[in-house]
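Given next are the chains, with one letter for each unit.
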Amino acid sequence: MIGSLRGLAVTLATMMRRPVTAQYPDPKRRLPIDERFMGFPALLWDYSNDEPYCTGCMVCVRECPTQCMTADMSDNARFESGESTRKKIIEKFEINLGRCILCGICVDVCNFDAIEMSHEHEMGKFERNANRAGLNPLLDMGKTWQSQTGWSPAKTKNIGDPDKRARQQADEKAAKAGAVPVEVVSTEVLKSARAKSPDAQPEAGTPDPGTPNAGTGEAAGS
Amino acid sequence: MTALEVLYYVLGGLGLFTFLAVTVMVLTYVERKFLARIQQRLGPMRVGPYGTLQPIADTIKLIMKEDILPSWADRPVYWLAPLVIFLPALAIWVTLPLGEDLVLRNLDLGLLYIVAISVLSVLGLVMAGWGSANKYAMLGGLRAAGQLISYEIPFIMAVLGVAMLSQSLDLTRIVNDQSSIANVIIQPAGLFIFFMAGLAELGRTPFDIHHAESEVVGGPFVEYSGAHWAIIQMAEYVNMFAIAALVVLLFLGGWRWPSMPFEGTGHQALSLVWFLAKTYGVVLVIFWIRGTYPRLRIDQLMAFGWKVLVPASFLNIVLTGIVLFYGWHWSVLTVMSSLTLVAIGYVIYRRPGTDVRQDTVRVVSARDAGLKPASRAAKPLSGGPLSGRTG
Chain A
1 MIGSLRGLAV TLATMMRRPV TAQYPDPKRR LPIDERFMGF PALLWDYSND
51 EPYCTGCMVC VRECPTQCMT ADMSDNARFE SGESTRKKII EKFEINLGRC
101 ILCGICVDVC NFDAIEMSHE HEMGKFERNA NRAGLNPLLD MGKTWQSQTG
151 WSPAKTKNIG DPDKRARQQA DEKAAKAGAV PVEVVSTEVL KSARAKSPDA
201 QPEAGTPDPG TPNAGTGEAA GS
Chain B
1001 MTALEVLYYV LGGLGLFTFL AVTVMVLTYV ERKFLARIQQ RLGPMRVGPY
1051 GTLQPIADTI KLIMKEDILP SWADRPVYWL APLVIFLPAL AIWVTLPLGE
1101 DLVLRNLDLG LLYIVAISVL SVLGLVMAGW GSANKYAMLG GLRAAGQLIS
1151 YEIPFIMAVL GVAMLSQSLD LTRIVNDQSS IANVIIQPAG LFIFFMAGLA
1201 ELGRTPFDIH HAESEVVGGP FVEYSGAHWA IIQMAEYVNM FAIAALVVLL
1251 FLGGWRWPSM PFEGTGHQAL SLVWFLAKTY GVVLVIFWIR GTYPRLRIDQ
1301 LMAFGWKVLV PASFLNIVLT GIVLFYGWHW SVLTVMSSLT LVAIGYVIYR
1351 RPGTDVRQDT VRVVSARDAG LKPASRAAKP LSGGPLSGRT G
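Chains as they are written, first to last, in this note's numbering: chain A, 1 to 222; chain B, 1001 to 1391.
These are computed hints drawn from the structure, not numbers from a lab.
Virtual Cβ for every residue (Gly too), placed ideally from N, Cα, C.
Watch out, some of these pointers could steer you wrong.
Stated by the list, open to error - For the chain B half of the interface with chain A, some residues (derived, Cβ under 10 Å), not all of them:
| hint | residue |
| --- | --- |
| 1 | R1037 |
| 2 | Q1039 |
| 3 | Q1040 |
| 4 | L1042 |
| 5 | R1046 |
| 6 | W1288 |
| 7 | Y1346 |
| 8 | I1348 |
Said to hold, decoys possible - Which residues of chain A face chain B? A partial, calculated answer using Cβ under 7 Å:
| hint | residue |
| --- | --- |
| 9 | M1 |
| 10 | L8 |
| 11 | T14 |
| 12 | M15 |
| 13 | R17 |
| 14 | P19 |
| 15 | T21 |
Work out the full structure, taking the sequences as your base and the hints as a guide.
As structure tokens, then:
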């Protein structure tokens, strides 16, 4: 009997609480998306050089288990003028997001940090093939994702701006040269390596328009 | 009967029907919202502002839906059952006063009429169960009939206690008698017995044994769809509103108690509002109970009905009779009835005379029980626990 009354009190107390329901399409109350959330794949934009990271190397297309991607590569005119480190650049790209199974294999195999699993997941469409996303929509998705997460490329060689890349590579080289075994590296050693690097920069990093320097050749070679 | 009277009854009946139909729509909405809040949900939110148009959408959907007739169904019984369920639910309202002088036809034997008519709904449930030619429906219908025995006696006895206090079966007179002091104060145990028996009569949680979605998948209504199902559903809600109204009229003083400044203009309308507010309050308690308790087994309901409610209701009548016979002050009855209520609570709490261990199923191995183990050779060794089962 006492338990029954207590039960009534419990339900009454629950009723006084705020409902937990988030009404899905309502923008005001959405469940938060986790940082690690894997939505549809998106192509990333190299803000340092105003072009996509993607060079159209077709690795993702070949590895995709559902064969939902196609890519076309073209020569990068900005490479010829020395503005870019990318010899080739993506021209056409298409992902059939209706076929994509969000496995993330394309992200794993990409050598150019060009594709990432974005936070985009609301792609409901009324037609069967309306989920084919071209280059520009994919880049837009990527830009949104970059602004959401503050992403930066993992590999130095994938930096598109020749100056910047050369500087960073020189930094890394100097750090490596100055550093003896990894265990013994102290902050002072690193600092001295950093201090040396400006000297090293003019040799390795000066962009010589017209003639590609060693650094660019390394990236475009793949 | 003059033509004017005929017109009055026809229009009054239609008005009553409209009132009840609107009430049912409101009740479905309120119930869904209320239950949702108990479960920390929002309930219907899409149709109209805060989902207020949801009942209208539901009604349209139910009317548009196809009426399905099972091929093995007993046709006349199947089609008649919703009417047999619905008509008694509606007929009760003829004599239920909604406010001061707001009653279609006040009967001197109104309570007897209500008690007699309301039982007829069970016949409809059994008919629906039989006519559907469905095992779940059949079981549900039989459960409804079986349930009837255990709640009907305390229901009538609790009503009788109130009738003894007012020396009348006329509902308006019973309400008017409560203008100074409501029956709930005089007979709290009576209210408890009546409310519990009423819940059982409605088949609402915790006594929704004949619906029992998890056991008989909706009971007698499994096979019904569309408008016929809507009628049955409407009857359920009309019945619930009627029980809530009866609780208000018999125990909570109707529109009379606590007395409001009703004199003068708008008296009728105000009494209607006051009555409806109370009735909706009781309805909310019914929803609250539904959101809280699990379902009883049928034997638990039987035990509760026969071992608790029936003796308590007889005790209630005897005590009322003693107090009335000796002409004691009503407060004596209040004390006695409160003690009865405490006794009921104690009986439910302790369950004296029941060995709890007898209730539970004990698993005993065949060897301990002195039985010969069943032959293994007859059973196929391969195959999962579900293999070899049919149906």
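Evaluated hints:
Because the smallest distance between the Cβ of R1037/B and any Cβ of chain A comes to about 5 Å, under 10 Å, the interface hint for this residue holds. Of the supplied interface hints, the one on Q1039/B holds, with its beta-carbon coming within about 7 Å of a beta-carbon of chain A, less than 10 Å. Interface restraint check for Q1040/B: the shortest CB-CB distance to chain A comes to about 5 Å, inside 10 Å, so the restraint holds. Interface restraint check for L1042/B: the shortest CB-CB distance to chain A comes to about 4 Å, inside 10 Å, so the restraint holds.
Restraint check, R1046/B versus chain A: the minimum CB separation of about 9 Å is within 10 Å; hint holds. A cut of 10 Å between beta carbons decides the hint on W1288/B: the least distance to chain A is about 7 Å, and the hint holds. Given hint, Y1346/B at the interface with chain A, holds; its Cβ is 7 Å from that chain's nearest Cβ, closer than 10 Å. A hinted interface residue such as I1348/B counts as satisfied when its beta carbon comes closer than 10 Å to some beta carbon of chain A; here the least separation is about 5 Å, so the hint holds.
A cut of 7 Å between beta carbons decides the hint on M1/A: the least distance to chain B is about 4 Å, and the hint holds. Using the Cβ-Cβ criterion of 7 Å, the hint placing L8/A at the interface with chain B is satisfied: the shortest such distance is roughly 5 Å. This hint holds: T14/A has a C-beta 6 Å from the nearest C-beta of chain B, less than the 7 Å allowed. Because the closest C-beta pair between M15/A and chain B is about 5 Å apart, less than 7 Å, the hint holds.
Proximity of R17/A to chain B holds as hinted, the smallest CB-CB distance being about 6 Å (cut-off 7 Å). Below 7 Å, beta-carbon pairs count as interface contacts, and P19/A has one with chain B at about 5 Å; its hint therefore holds. Interface restraint check: T21/A against chain B, minimum CB-CB distance 4 Å, threshold 7 Å, status holds.
The structure is consistent with each of the numbered hints, conforming to all of them.
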